[in-house]
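Trainee: For reference, the chains in residue letters:
There are 2 protein chains.
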Amino acid sequence: MDTTTLKVLVERAEKSKIGQVDFNNLSFGNVFTDHMLVCDYRNGVWETPKVMPYQPISLEPSAKIFHYGQSIFEGMKAYKDADGATWLFRPLENQKRLNISAHRMAIPELPEEYFMEGLKALLRTDEQWIPTSEGSSLYIRPFMLASGTGFHASPANEFKFIIACAPSGSYFSGKVKVLIEEKYSRSANGGVGYAKAGGNYAGQFYPTQLANEKGYQQVIWTDDNNHEYIEEAGAMNIFIRINDTLITGPTSDRILDGITRKSILEIAKDEGIPVEVRKITVSEVVEASKNGTLKEMFGAGTAAVVSPISSFGYRDADYDLPELENSYASRLKKRITDIQYNKAEDKFGWRYKV
Amino acid sequence: MDTTTLKVLVERAEKSKIGQVDFNNLSFGNVFTDHMLVCDYRNGVWETPKVMPYQPISLEPSAKIFHYGQSIFEGMKAYKDADGATWLFRPLENQKRLNISAHRMAIPELPEEYFMEGLKALLRTDEQWIPTSEGSSLYIRPFMLASGTGFHASPANEFKFIIACAPSGSYFSGKVKVLIEEKYSRSANGGVGYAKAGGNYAGQFYPTQLANEKGYQQVIWTDDNNHEYIEEAGAMNIFIRINDTLITGPTSDRILDGITRKSILEIAKDEGIPVEVRKITVSEVVEASKNGTLKEMFGAGTAAVVSPISSFGYRDADYDLPELENSYASRLKKRITDIQYNKAEDKFGWRYKV
Ligand SMILES: Cc1ncc(COP(=O)(O)O)c(C=O)c1O
Ligand SMILES: Cc1ncc(COP(=O)(O)O)c(C=O)c1O
Numbered sequence: 021m022d023t024t025t026l027k028v029l030v031e032r033a034e035k036s037k038i039g040q041v042d043f044n045n046l047s048f049g050n051v052f053t054d055h056m057l058v059c060d061y062r063n064g065v066w067e068t069p070k071v072m073p074y075q076p077i078s079l080e081p082s083a084k085i086f087h088y089g090q091s092i093f094e095g096m097k098a099y100k101d102a103d104g105a106t107w108l109f110r111p112l113e114n115q116k117r118l119n120i121s122a123h124r125m126a127i128p129e130l131p132e133e134y135f136m137e138g139l140k141a142l143l144r145t146d147e148q149w150i151p152t153s154e155g156s157s158l159y160i161r162p163f164m165l166a167s168g169t170g171f172h173a174s175p176a177n178e179f180k181f182i183i184a185c186a187p188s189g190s191y192f193s194g195k196v197k198v199l200i201e202e203k204y205s206r207s208a209n210g211g212v213g214y215a216k217a218g219g220n221y222a223g224q225f226y227p228t229q230l231a232n233e234k235g236y237q238q239v240i241w242t243d244d245n246n247h248e249y250i251e252e253a254g255a256m257n258i259f260i261r262i263n264d265t266l267i268t269g270p271t272s273d274r275i276l277d278g279i280t281r282k283s284i285l286e287i288a289k290d291e292g293i294p295v296e297v298r299k300i301t302v303s304e305v306v307e308a309s310k311n312g313t314l315k316e317m318f319g320a321g322t323a324a325v326v327s328p329i330s331s332f333g334y335r336d337a338d339y340d341l342p343e344l345e346n347s348y349a350s351r352l353k354k355r356i357t358d359i360q361y362n363k364a365e366d367k368f369g370w371r372y373k374v
Numbered sequence: 021m022d023t024t025t026l027k028v029l030v031e032r033a034e035k036s037k038i039g040q041v042d043f044n045n046l047s048f049g050n051v052f053t054d055h056m057l058v059c060d061y062r063n064g065v066w067e068t069p070k071v072m073p074y075q076p077i078s079l080e081p082s083a084k085i086f087h088y089g090q091s092i093f094e095g096m097k098a099y100k101d102a103d104g105a106t107w108l109f110r111p112l113e114n115q116k117r118l119n120i121s122a123h124r125m126a127i128p129e130l131p132e133e134y135f136m137e138g139l140k141a142l143l144r145t146d147e148q149w150i151p152t153s154e155g156s157s158l159y160i161r162p163f164m165l166a167s168g169t170g171f172h173a174s175p176a177n178e179f180k181f182i183i184a185c186a187p188s189g190s191y192f193s194g195k196v197k198v199l200i201e202e203k204y205s206r207s208a209n210g211g212v213g214y215a216k217a218g219g220n221y222a223g224q225f226y227p228t229q230l231a232n233e234k235g236y237q238q239v240i241w242t243d244d245n246n247h248e249y250i251e252e253a254g255a256m257n258i259f260i261r262i263n264d265t266l267i268t269g270p271t272s273d274r275i276l277d278g279i280t281r282k283s284i285l286e287i288a289k290d291e292g293i294p295v296e297v298r299k300i301t302v303s304e305v306v307e308a309s310k311n312g313t314l315k316e317m318f319g320a321g322t323a324a325v326v327s328p329i330s331s332f333g334y335r336d337a338d339y340d341l342p343e344l345e346n347s348y349a350s351r352l353k354k355r356i357t358d359i360q361y362n363k364a365e366d367k368f369g370w371r372y373k374v
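Those sequence lines, one after another, are chains A and B.
Letter 266 of the first sequence, counting from 1, is numbered 286 in our numbering, and no numbers are missing.
Letter 195 of the second sequence, counting from 1, is numbered 215 in our numbering, and no numbers are missing.
Hints are computed from structural coordinates only; laboratory data are not their basis.
Just to be clear, a hint being listed does not mean it is correct.
If you anchor each label on the Cβ, the simulated ranges turn out as follows [as the list claims (entries may be wrong)]: (1) A/Ser78 x B/Ser36: 18 to 28 angstroms; (2) B/Ala105 x A/Lys27: 56 to 66 angstroms; (3) A/Lys116 x B/Gly292: 54 to 64 angstroms; (4) A/Lys234 x B/Lys299: 30 to 40 angstroms; (5) A/Glu296 x B/Asn50: 16 to 26 angstroms; (6) B/Gly235 x A/Leu344: 56 to 66 angstroms; (7) A/Lys116 x B/Ile38: 45 to 55 angstroms; (8) A/Thr25 x B/Glu154: 49 to 59 angstroms.
Now the stretches of chain B that chain A is said to cover, found in silico as 3 or more residues with beta-carbon under 8 angstroms [what the hints assert, rightly or not]: (9) 48-58; (10) 100-111; (11) 217-229; (12) 264-271.
Once the Cα atoms are required to be at most 35 angstroms apart in a straight line, the calculated DSBU-like pairs of lysine-lysine come out as [unchecked claim]: (13) B/Lys97 x B/Lys289; (14) A/Lys203 x B/Lys203; (15) A/Lys363 x A/Lys70; (16) B/Lys37 x A/Lys70; (17) B/Lys116 x A/Lys234; (18) A/Lys203 x B/Lys37; (19) B/Lys299 x A/Lys203; (20) A/Lys203 x A/Lys140.
Virtual Cβ for every residue (Gly too), placed ideally from N, Cα, C.
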């Protein structure tokens, strides 16, 4: 059988806004490019994706996204190398995970071709928006929402798949203080924590605000049962180094299967770092901090890349992490970003040229 | 200090759609009235609410509702009595719960006056949309969504509060078969289950679809820990009658504090029915069904009122409930709806005239 080649439609913006943007002072995710990709699901099929001018979305007041939170998203980045070529990092992993999330949230899956061809058409149209300054990139936000209507708690019959992009600087500035959470939880066993479902994130806002008020930037989520195990750091997977061993928890239905996490695991093995994927208890981390064997903690995710944690709070005490010369965090961050920006060999085959 | 009287703005629709609606064949939540109430939160304040023609909502692609599920809702009904007067049922309970949900979801709370005056102005404008046929009512959907923008997982700084209404018939037709769920969960300890947060509902769609495929209309949610306790029936609270005792679980951070539930509890006490509010195990329900002491199960909620359950599935077996002459479900449903429709005395002071 022949593969039909999908023809993405392109309607260009009349005027570019790019002249208004200060590319040397980019914050994260606040400025948007000239175009977006839109693909509608109607009558049981995904229609032809279309690149169009970035513009407001109009929805019925009874659209199910507004009432039942039927929405999912992804987060990716496009990088420019020194020769001006555009690169993505493991984009098919995002495409697959989008469909894993879709499945759990009763949203129709999007064919790979629609995702990849739509994304490439958008990136080609907005190519000049990909920043080149150190540490910056084009943050890409694919998302799906229920546009179908009705005040009935059941899946919608119409959806929108959209990709919007924001030239962005770094997510965090400097090191991060985190609080190990013992009251609030991010996700349930048998719940939707492993999906990038919108509602998972709004549920974190209030506990994170409480942590912010106490001087912490992020919450470390623990299991909702006994708050015994360390699970995620805000919207990042978490890594812990005890002595020379790098440890991260296994994924589960409560934990997002992060692409940065699994890439870091492979790079660490390649670097000869001893790696363990196993459950991490809060008490062992506190113990290791007390006896001096806790060397590093860092978060890993597309937006924040590798984010070293400078201290953690637990039950009214703060535990500082040592400042290391040649930390795993800095080595691993350099290896992964060198691949992403096409500054080094990519023995894993992760880089994807647009 | 004086109470400022809020003046709700009203912009009437040029033409009514009411002639197109068949009021004798109303489904639930699919037809919408001519107007809606809109109130915007900007620069730290809720602006003046406005009744305006029912119309699409336009939002930026980066509005946080689309990405992080920052949204909440309520569900109420307006009833017409034989004299044509309009009634609400305990509306201040919905107003308070909206703010409880808002607080948990990091959404600014809405002053009582904005809610009540906005709601009344809308109902007066769309008064002729309140159906009068037996069992039908005007379903009212207040909701709040994050309209503020940015690809950063943090609370929005702009929100919309909207009320839309749908003349509706009954939610379920006939009795309901339910499945006791042991794999998927609705909410976590320390999570947002007690809030009417959008994401809680989309998370139920897929498990409910799986149950539908097996011939059940609804899922009975159990705790996410050991699936040992019975918690809710879809978007209803659940009641169980063993011998002559009516039992419902206590509310918790996983269970919505339903207004129908607490009204039913008061009416049952008033009826002299022995009532227990305590945790209910799955095994005692199965046991009671086997030994013939399980007399009734029913769901309770604004949309479905009191919904008798005809049988429940558990681990590949189905357990039928007996058909009773003078069931608690029918007695309690009659008492509550007689109050709602102003057909009987309201000794509790629940009815609210618009
Ligand atoms: C909850 C959560 N954990 C972890 C991650 C990291 O995943 P990835 O490395 O694929 O970006 C993300 C964000 O993307 C997330 O939302
Ligand atoms: C999860 C859940 N439980 C119970 C209820 C019943 O609450 P109420 O009686 O206030 O409508 C609802 C719906 O409103 C609900 O969404």
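Trainee: Hint by hint, say whether it matches the structure.
Mentor: Results of checking the hints against the structure:
no.: 1; hint: A/Ser78 x B/Ser36: 18 to 28 angstroms; verdict: 22 angstroms, holds
no.: 2; hint: B/Ala105 x A/Lys27: 56 to 66 angstroms; verdict: 60 angstroms, holds
no.: 3; hint: A/Lys116 x B/Gly292: 54 to 64 angstroms; verdict: 59 angstroms, holds
no.: 4; hint: A/Lys234 x B/Lys299: 30 to 40 angstroms; verdict: 33 angstroms, holds
no.: 5; hint: A/Glu296 x B/Asn50: 16 to 26 angstroms; verdict: 54 angstroms, violated
no.: 6; hint: B/Gly235 x A/Leu344: 56 to 66 angstroms; verdict: 60 angstroms, holds
no.: 7; hint: A/Lys116 x B/Ile38: 45 to 55 angstroms; verdict: 48 angstroms, holds
no.: 8; hint: A/Thr25 x B/Glu154: 49 to 59 angstroms; verdict: 58 angstroms, holds
no.: 9; hint: 48-58; verdict: holds (count 5)
no.: 10; hint: 100-111; verdict: violated (count 0)
no.: 11; hint: 217-229; verdict: holds (count 12)
no.: 12; hint: 264-271; verdict: violated (count 0)
no.: 13; hint: B/Lys97 x B/Lys289; verdict: 24 angstroms, holds
no.: 14; hint: A/Lys203 x B/Lys203; verdict: 24 angstroms, holds
no.: 15; hint: A/Lys363 x A/Lys70; verdict: 33 angstroms, holds
no.: 16; hint: B/Lys37 x A/Lys70; verdict: 33 angstroms, holds
no.: 17; hint: B/Lys116 x A/Lys234; verdict: 28 angstroms, holds
no.: 18; hint: A/Lys203 x B/Lys37; verdict: 49 angstroms, violated
no.: 19; hint: B/Lys299 x A/Lys203; verdict: 21 angstroms, holds
no.: 20; hint: A/Lys203 x A/Lys140; verdict: 43 angstroms, violated
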